[in-house]
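Protein chains: 2
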Amino acid sequence: MKNVIVVTGASSGFGALASRALASSGHIVYAGMRDTKGRNAPQVLQAQEYAAKNSADLRAAELDVQSDKSVEAGIGKIIADNGRLDVVVHNAGHMVFGPAEAFTPEQLAELYDINVLSTQRVNRAALPQLRKQRRGLVVWVSSSSTAGGTPPYLAPYFAAKAAMDALAVVYARELSRWGIETSIIVPGAFTGGTNHFAHARSRGDKARAAEYEAGPYTGFADQVLKGFSSIVPPNADVSAVADAIVKVVDTPFGKRPFRVHIDPTQDGAEVGNAVLDRIRAELLRRIGLGDLLTPRDLAQ
Amino acid sequence: MKNVIVVTGASSGFGALASRALASSGHIVYAGMRDTKGRNAPQVLQAQEYAAKNSADLRAAELDVQSDKSVEAGIGKIIADNGRLDVVVHNAGHMVFGPAEAFTPEQLAELYDINVLSTQRVNRAALPQLRKQRRGLVVWVSSSSTAGGTPPYLAPYFAAKAAMDALAVVYARELSRWGIETSIIVPGAFTGGTNHFAHARSRGDKARAAEYEAGPYTGFADQVLKGFSSIVPPNADVSAVADAIVKVVDTPFGKRPFRVHIDPTQDGAEVGNAVLDRIRAELLRRIGLGDLLTPRDLAQ
Numbered sequence: 003m004k005n006v007i008v009v010t011g012a013s014s015g016f017g018a019l020a021s022r023a024l025a026s027s028g029h030i031v032y033a034g035m036r037d038t039k040g041r042n043a044p045q046v047l048q049a050q051e052y053a054a055k056n057s058a059d060l061r062a063a064e065l066d067v068q069s070d071k072s073v074e075a076g077i078g079k080i081i082a083d084n085g086r087l088d089v090v091v092h093n094a095g096h097m098v099f100g101p102a103e104a105f106t107p108e109q110l111a112e113l114y115d116i117n118v119l120s121t122q123r124v125n126r127a128a129l130p131q132l133r134k135q136r137r138g139l140v141v142w143v144s145s146s147s148t149a150g151g152t153p154p155y156l157a158p159y160f161a162a163k164a165a166m167d168a169l170a171v172v173y174a175r176e177l178s179r180w181g182i183e184t185s186i187i188v189p190g191a192f193t194g195g196t197n198h199f200a201h202a203r204s205r206g207d208k209a210r211a212a213e214y215e216a217g218p219y220t221g222f223a224d225q226v227l228k229g230f231s232s233i234v235p236p237n238a239d240v241s242a243v244a245d246a247i248v249k250v251v252d253t254p255f256g257k258r259p260f261r262v263h264i265d266p267t268q269d270g271a272e273v274g275n276a277v278l279d280r281i282r283a284e285l286l287r288r289i290g291l292g293d294l295l296t297p298r299d300l301a302q
Numbered sequence: 003m004k005n006v007i008v009v010t011g012a013s014s015g016f017g018a019l020a021s022r023a024l025a026s027s028g029h030i031v032y033a034g035m036r037d038t039k040g041r042n043a044p045q046v047l048q049a050q051e052y053a054a055k056n057s058a059d060l061r062a063a064e065l066d067v068q069s070d071k072s073v074e075a076g077i078g079k080i081i082a083d084n085g086r087l088d089v090v091v092h093n094a095g096h097m098v099f100g101p102a103e104a105f106t107p108e109q110l111a112e113l114y115d116i117n118v119l120s121t122q123r124v125n126r127a128a129l130p131q132l133r134k135q136r137r138g139l140v141v142w143v144s145s146s147s148t149a150g151g152t153p154p155y156l157a158p159y160f161a162a163k164a165a166m167d168a169l170a171v172v173y174a175r176e177l178s179r180w181g182i183e184t185s186i187i188v189p190g191a192f193t194g195g196t197n198h199f200a201h202a203r204s205r206g207d208k209a210r211a212a213e214y215e216a217g218p219y220t221g222f223a224d225q226v227l228k229g230f231s232s233i234v235p236p237n238a239d240v241s242a243v244a245d246a247i248v249k250v251v252d253t254p255f256g257k258r259p260f261r262v263h264i265d266p267t268q269d270g271a272e273v274g275n276a277v278l279d280r281i282r283a284e285l286l287r288r289i290g291l292g293d294l295l296t297p298r299d300l301a302q
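Just so you know, the protein sequences line up as chains A and P, in that order. Numbered by this note's numbering, the letters in the first sequence go through residues 3 to 302 in order. Numbered by this note's numbering, the letters in the second sequence go through residues 3 to 302 in order.
Next comes chain A alone, as it looks inside the complex (with noise of 0.2 Å):
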């Protein structure tokens, strides 16, 4: 079956890989950015060039995550032509990297905004049309430092993925009983094949970093890089998180697993996803829920 799907943070890394995949796949897909006329110019071409060469029906959308009027006017225009809206992939997201207290009040939002209020205005201009049509799937990109290890000087990031998962499972249960499937990949680390670590090198407030710096966490963040790219193996492949992603959408409603971890570094979360999850869900179990734990089947 064709569905209709957009991907958020489609510009690069993840996002445009599970684009591409699932345009050849055979669904209808948006690849979400901002900026198509100006600095994604160079990305909404190739969006274009990689589906004339595939014969895949990959489209470049307008869709600023960060302004409620874009995310408006971009879903609005995707279920206007085509009647319908039956996959959301919440993918768009970014990280920084400096000690926590580093990082200005502003900062802070400003990185939850990305991450997960991003997440709330797609969902606000998207749902409505799913659950209309009491049939629909939204997928998660969450991070595996949501259960498994978190490293330090990544604070302000991991404080914003465990945000956005713990929104991710709250909806899950919100939207079963409209006939709304929900899955959550868990990507573990990748230093390499995305820009995520490359463009996390800001450090906030350089003062106080500098203070860190000067005291006992001298020589620190290179420590902590190192560290990370040691259990990352050389042979980790991005593109397993979108071949995870197609996947996940080409299972049969109903048959959808909640949660998928493509973590070469093995840093835990499959192990601690496993805990939690069977926690959370034997407590709505016990107050008599148990319902919401499975979507419920009404279309026709």
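Worth double-checking, as some hints may not be accurate.
As the list makes no split between identical chains, a pair holds if one copy fits it or if it spans any two.
[To be verified] Lysine-lysine pairs mimicking DSS-like chemistry, simulated, CA-CA at most 27 Å apart:
hint	residue 1	residue 2
1	Lys39	Lys257
2	Lys79	Lys39
3	Lys228	Lys79
4	Lys249	Lys208
5	Lys79	Lys257
6	Lys134	Lys208
7	Lys134	Lys257
I should point out that these hints are in silico values taken from the structure, not numbers from a laboratory.
Place chain P on chain A using the hints.
What follows is chain P alone, placed relative to chain A:
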């Protein structure tokens, strides 16, 4: 030993109880709250009365954790008056209730500000002093939802607390080499004894919430609250949280527990955190940073 302690959100609930219990245990305690000359003037008076009656050193302090300026001034004054600051208790927090989709991005941002950015403001004002002392304790009042059951209709709060807990864990590693210890207090649901649930009844965007009520989630708000209440034992005593904070503070440096659970509902957080904290510790050892797990003893 007499510690100089600041407790945030101390006008009511856990914060008010903890600041009184700490003062009664012989410490110099600043009960931080906003609007000490207005809305919270009665709470200031109560603190004064408690201090007089119990010969305890309890002082209300103007501290609006949503304002950089107020936090800088409030913490700055405590340090100036005492020449030191030994313990920070991050307790301020707020809960909202309703379907996740019904909250605007602005409402989510506001809740993140109260629950998470608040701690960042206090940390940025207080930690330079604690680092200078090469000794201190940071206590975080987290939530069992971060590793236990998460009932529906509390998504924005659970997201914020998950972020706060993630921040606490990473801060712990980035402060241990400075001789600063971390303890995370994990309260379960206390539906009585604090204003937490009573004040949480805002439901965001009312039209959106009404769609859930008119759809497959009719009567759901009451179902969730009833289910929740059914698992809180009638004798659940909120003062247990305050007692746990006093016990942590009164434990000698280096011997304090990383986490303490006070969860009468037994929602699973104790199990979840045992797994998560173990996984996180293993990762640090694996990348050669195991020393971060123990605070250095640098003070004489």
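Notebook entry, point to check: Between Lys134 and Lys208, at a C-alpha cutoff of 27 Å, which is it: within one copy, between copies, both, or neither?
Noted result: Close across copies (18 Å), not inside one copy (49 Å); limit 27 Å.
Notebook entry, point to check: Is it within, between, both, or neither for Lys134 and Lys257, if the alpha carbons may be no more than 27 Å apart?
Noted result: within (21 Å within a copy, 56 Å between copies)
Next item on the list: If the cutoff is 27 Å on CA atoms, where do Lys79 and Lys39 land: within, between, both or neither? Let me know, please.
Entry: Answer is within: at 17 Å inside a copy they meet the 27 Å cutoff, but 52 Å across does not.
Next item on the list: State whether the alpha carbon distance between Lys228 and Lys79 is at most 27 Å within one copy, between copies, both, or neither.
Entry: neither (45 Å within a copy, 41 Å between copies)
Next item on the list: Can you give me the call for Lys39 and Lys257, within, between, both or neither, at a CA distance of at most 27 Å?
Entry: neither (39 Å within a copy, 58 Å between copies)
Check: How would you classify Lys79 and Lys257 at a CA-CA limit of 27 Å: within, between, both, or neither?
Finding: neither (30 Å within a copy, 59 Å between copies)
Check: At most 27 Å between C-alpha atoms: does Lys249 with Lys208 qualify within a copy, between copies, both, or neither?
Finding: Neither: 43 Å inside a chain and 37 Å across chains, both beyond 27 Å.
Hints 1, 3, 4, 5, counting from the list given before, are not met by this structure.
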